[in-house]
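K.L.:
By the numbering used here, the letter at position 342 of the first sequence is numbered 342, and the numbering carries on one by one without gaps.
Worth double-checking, as some hints may not be accurate.
Label-pair restraints from in silico Cβ distances [unchecked claim]:
#1 His568 <-> Ala511: 26 to 32 Å
#2 Lys304 <-> Ala550: 55 to 61 Å
#3 Gln73 <-> Gly48: 31 to 37 Å
#4 Val312 <-> Lys164: 43 to 49 Å
Once the Cα atoms are required to be at most 25 Å apart in a straight line, the calculated SDA-like pairs of lysine to any residue come out as [said to hold, decoys possible]:
#5 Lys132 <-> Glu162
#6 Lys395 <-> Ala482
#7 Lys304 <-> Ala260
#8 Lys395 <-> Met553
#9 Lys136 <-> Ser590
#10 Lys19 <-> Arg35
#11 Lys164 <-> Leu151
#12 Lys304 <-> Asn267
#13 Lys414 <-> Gly496
#14 Lys431 <-> Asp131
#15 Lys171 <-> Leu130
#16 Lys68 <-> Arg35
#17 Lys136 <-> Ile434
#18 Lys494 <-> Gln390
#19 Lys102 <-> Tyr157
#20 Lys346 <-> Thr566
#21 Lys306 <-> Glu643
#22 Lys94 <-> Asp554
#23 Lys94 <-> Val49
#24 Lys414 <-> Leu351
#25 Lys308 <-> Leu329
#26 Lys306 <-> His568
#27 Lys138 <-> Gly591
Keep in mind that the hints were calculated from the coordinates and are not lab data. Every residue, glycine too, gets a C-beta built ideally from N, C-alpha and C.
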Amino acid sequence: MESYLAELNDAQRAPVLQKDGAMIVIAGAGSGKTRVLTYRIAYLMSKGVDPFNILSLTFTNKAAKEMKKRISQIVGSSEAKNLWMGTFHSIFAKMLRFEADKLGYPSNFTIYDTQDSQRLISAIIKEMGLDKDIYKYKQVYSRISSYKNSLITVKAYFQNPELKEADAMSKKPRLGDIYKNYVDRCFKAGAMDFDDLLLKTNELLNRFPEVLQKYQNRFRYILVDEYQDTNHSQYLIVKALSDKFQNICVVGDDAQSIYAFRGANINNILNFQKDYDNVQLYRLEQNYRSTKNIVNAANSIIEKNKTKLEKVVWTANEDGPKIIVNRLLTDGEEGRFVASSIFENKMQNQLDNGSFAILYRTNAQSRAMEDALRKREIPYRIYGGLSFYQRKEIKDVLSYLRLLINPNDEAALKRVINYPARGIGQTTIDKLTIAANTYGKSIFEVIENLDHIDLKVNSGTRNKLTNFVNMIKSFSILNENADAFTVADTVAKKTGLVQDLKKDGTPEGVAKIENIEELLNGIRDFVEGQKELADATGSLAEFLEDVALATDMDKETGDDHVALMTIHLAKGLEFPYVYIVGMEEDLFPSGMSMNTRSELEEERRLFYVALTRAEKQAYLTYTQSRYRWGKLVDAEPSRFIDEIEGKFLDYMIPQDDYKYKPLIDTDIFGDVDKSKLRQTKPTAGSPPPAHKPSEEQLRKLRKLRPALDHTGQASIKDVVKLEEGNEVEHIRFGKGKVLKIDGIGQDKKAEINFENGGIKKLLLRFAKLKLLS
DNA sequence: TAGATCTGTGTTTTT
DNA sequence: CACAGATCTA
Numbered sequence: 001m002e003s004y005l006a007e008l009n010d011a012q013r014a015p016v017l018q019k020d021g022a023m024i025v026i027a028g029a030g031s032g033k034t035r036v037l038t039y040r041i042a043y044l045m046s047k048g049v050d051p052f053n054i055l056s057l058t059f060t061n062k063a064a065k066e067m068k069k070r071i072s073q074i075v076g077s078s079e080a081k082n083l084w085m086g087t088f089h090s091i092f093a094k095m096l097r098f099e100a101d102k103l104g105y106p107s108n109f110t111i112y113d114t115q116d117s118q119r120l121i122s123a124i125i126k127e128m129g130l131d132k133d134i135y136k137y138k139q140v141y142s143r144i145s146s147y148k149n150s151l152i153t154v155k156a157y158f159q160n161p162e163l164k165e166a167d168a169m170s171k172k173p174r175l176g177d178i179y180k181n182y183v184d185r186c187f188k189a190g191a192m193d194f195d196d197l198l199l200k201t202n203e204l205l206n207r208f209p210e211v212l213q214k215y216q217n218r219f220r221y222i223l224v225d226e227y228q229d230t231n232h233s234q235y236l237i238v239k240a241l242s243d244k245f246q247n248i249c250v251v252g253d254d255a256q257s258i259y260a261f262r263g264a265n266i267n268n269i270l271n272f273q274k275d276y277d278n279v280q281l282y283r284l285e286q287n288y289r290s291t292k293n294i295v296n297a298a299n300s301i302i303e304k305n306k307t308k309l310e311k312v313v314w315t316a317n318e319d320g321p322k323i324i325v326n327r328l329l330t331d332g333e334e335g336r337f338v339a340s341s342i343f344e345n346k347m348q349n350q351l352d353n354g355s356f357a358i359l360y361r362t363n364a365q366s367r368a369m370e371d372a373l374r375k376r377e378i379p380y381r382i383y384g385g386l387s388f389y390q391r392k393e394i395k396d397v398l399s400y401l402r403l404l405i406n407p408n409d410e411a412a413l414k415r416v417i418n419y420p421a422r423g424i425g426q427t428t429i430d431k432l433t434i435a436a437n438t439y440g441k442s443i444f445e446v447i448e449n450l451d452h453i454d455l456k457v458n459s460g461t462r463n464k465l466t467n468f469v470n471m472i473k474s475f476s477i478l479n480e481n482a483d484a485f486t487v488a489d490t491v492a493k494k495t496g497l498v499q500d501l502k503k504d505g506t507p508e509g510v511a512k513i514e515n516i517e518e519l520l521n522g523i524r525d526f527v528e529g530q531k532e533l534a535d536a537t538g539s540l541a542e543f544l545e546d547v548a549l550a551t552d553m554d555k556e557t558g559d560d561h562v563a564l565m566t567i568h569l570a571k572g573l574e575f576p577y578v579y580i581v582g583m584e585e586d587l588f589p590s591g592m593s594m595n596t597r598s599e600l601e602e603e604r605r606l607f608y609v610a611l612t613r614a615e616k617q618a619y620l621t622y623t624q625s626r627y628r629w630g631k632l633v634d635a636e637p638s639r640f641i642d643e644i645e646g647k648f649l650d651y652m653i654p655q656d657d658y659k660y661k662p663l664i665d666t667d668i669f670g671d672v673d674k675s676k677l678r679q680t681k682p683t684a685g686s687p688p689p690a691h692k693p694s695e696e697q698l699r700k701l702r703k704l705r706p707a708l709d710h711t712g713q714a715s716i717k718d719v720v721k722l723e724e725g726n727e728v729e730h731i732r733f734g735k736g737k738v739l740k741i742d743g744i745g746q747d748k749k750a751e752i753n754f755e756n757g758g759i760k761k762l763l764l765r766f767a768k769l770k771l772l773s
């Protein structure tokens, strides 16, 4: 039974074997913390702890699922099934459904996603007649979110003059009022936003001692993964639940705290030892994941941070190749480099696509990578970004489904009351909203009671409203007798959603119909799957609950693909080959996070996370110019590259001239063979070449570059304007005539018939051409 | 009222 | 560029 203990090293075994009490495990990157958590749970169960009494909180659903799987392998699946394991949000949503009535919520409350919340806030700002340029809904939303995460309720807000003053100072004196209206509206709609799931859990545990006791007794052993990323609200929940038995084990790494922007408080982990009696501290410092080069390079970065717990991450793994750094002209070329590098590595080392990950700071960067991978026919998958359930057509269907479960759901109703178009316009909706606010009812209820409410709408509109409500009601009735799939299928057809898309006929419309079909299939699968679980019914409400908190990461595809994701999403994952792209100032570190030391340190931790995902080889790339908000802008290499000790890096480009070189100077190489400028061509497996090139090497490299004189040289603008039929002159091929223009922007090519060279295809960006006519 | 078209505005990261 | 909101037209 306990043979698995032999699979742990001494440092890992110690926290596994401490059955009771409070403990903190500071686990360096790749040091096997998941292993410690799973084995600890298995050990507790082997010592007779009932799985019903174990609560394990993870950061993602995926992590929970994986841990459960691993535990099943050790203790058997029937036992593992009873563990409470999941994210804070999903576990406590479940608990809140059970206890909802105590807080005045229906048990079928809706969970608002960010978009729902933001739209509602936007509507409230408009209703209140406030200036939308001062009260920007996104800002207001994040302000409210941070209040909630700090447990500042509306009441607490108005009792705290400092907060009011702070908001008044930032020209938003009515923020408290918006907050109040927003909370009221959510309550009336029977809806909780993401932050409410934590805030209301706190409220529940605070206001109802008997509920607190019930769950304290239930969760005798609590484990929290990624503790460094907990916010105040989560911290208090954990504190309250563990207070009685104090059997709490938190695992984390302060060096990997990357969620301060959503309220994560690094002090939760730094101060843990003060929060409980006799806290045992364990450190996992041996990294099993990465090569020495990667581990040491990562250490050399994180050293630059001032706020940190002391720990030394080390590895017994081989040195491995150095980190390859490359500079590219544009984001398009960056993509092409990454794609061909992946292609070469795959061929040379017989690797599958799953060995590679491309990590970036912002979702928008995925585009260039996608394009390049697609051209190379390398299968890939984008994680995160817009999740399937957030797509317009999917959210439309889901909104109908939400509405038939909870007709008070304002966000859902507003979304679909006139989609597909049924003649209920903005004016009518405004009237409904006013009526709803004055009578303290939901919009749906207002329509239900049109006989008693003078809405000042004509009879046609009145009919349309009644028809809509009746349609939703008929769906509700159907839902009582039919399974979730049948209901969803009926909704998709009867509402005219699918018809509307069919009518549209564009490829996008077709894709949307396919997505809806996929959703319906998903619901069918869900219904089938739930039937096998004892405590589930496969109801529509269950499906919606599942979907509200599902993320893109959770979906398994089973095919072999290169993974593309933000660095945030990559936390906890590992890949043999990792490409970190967009290593540029203003992008990484983000321009929004360079103002304070702590923000910059978080960016640095993010870089640390990125690098430590790599097992064998890491690549860093940056560009000289990249498309941002639709325009090509100059970029500058990230300071983080310089922060890595040079001996861990292998530059593919000379390092003398990269700062602030505008495109036009560096790119017009004429017919100089660009590859000569590259010092080495990287091939994984071959011994890594020297570090930064020496001064002497640099001088040599510079000589390769011809002195460009700009006189007589066509400016890039002229060349880009080139049209078919133009006469041009090339420095070597002589005069010629433009036959054809291909491609756009940076990739624009011209087919030219030269007197001395015949027909050539030239990339205009590089071609040294003079426009003659 | 619907739908097309224009304008403006902002963009980090996520449960 | 991408999306939200405003404005215009039928």
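K.L.:
Against which earlier hints does the structure fall short, listed by number upward?
P.N.:
2, 3, 24 and 25
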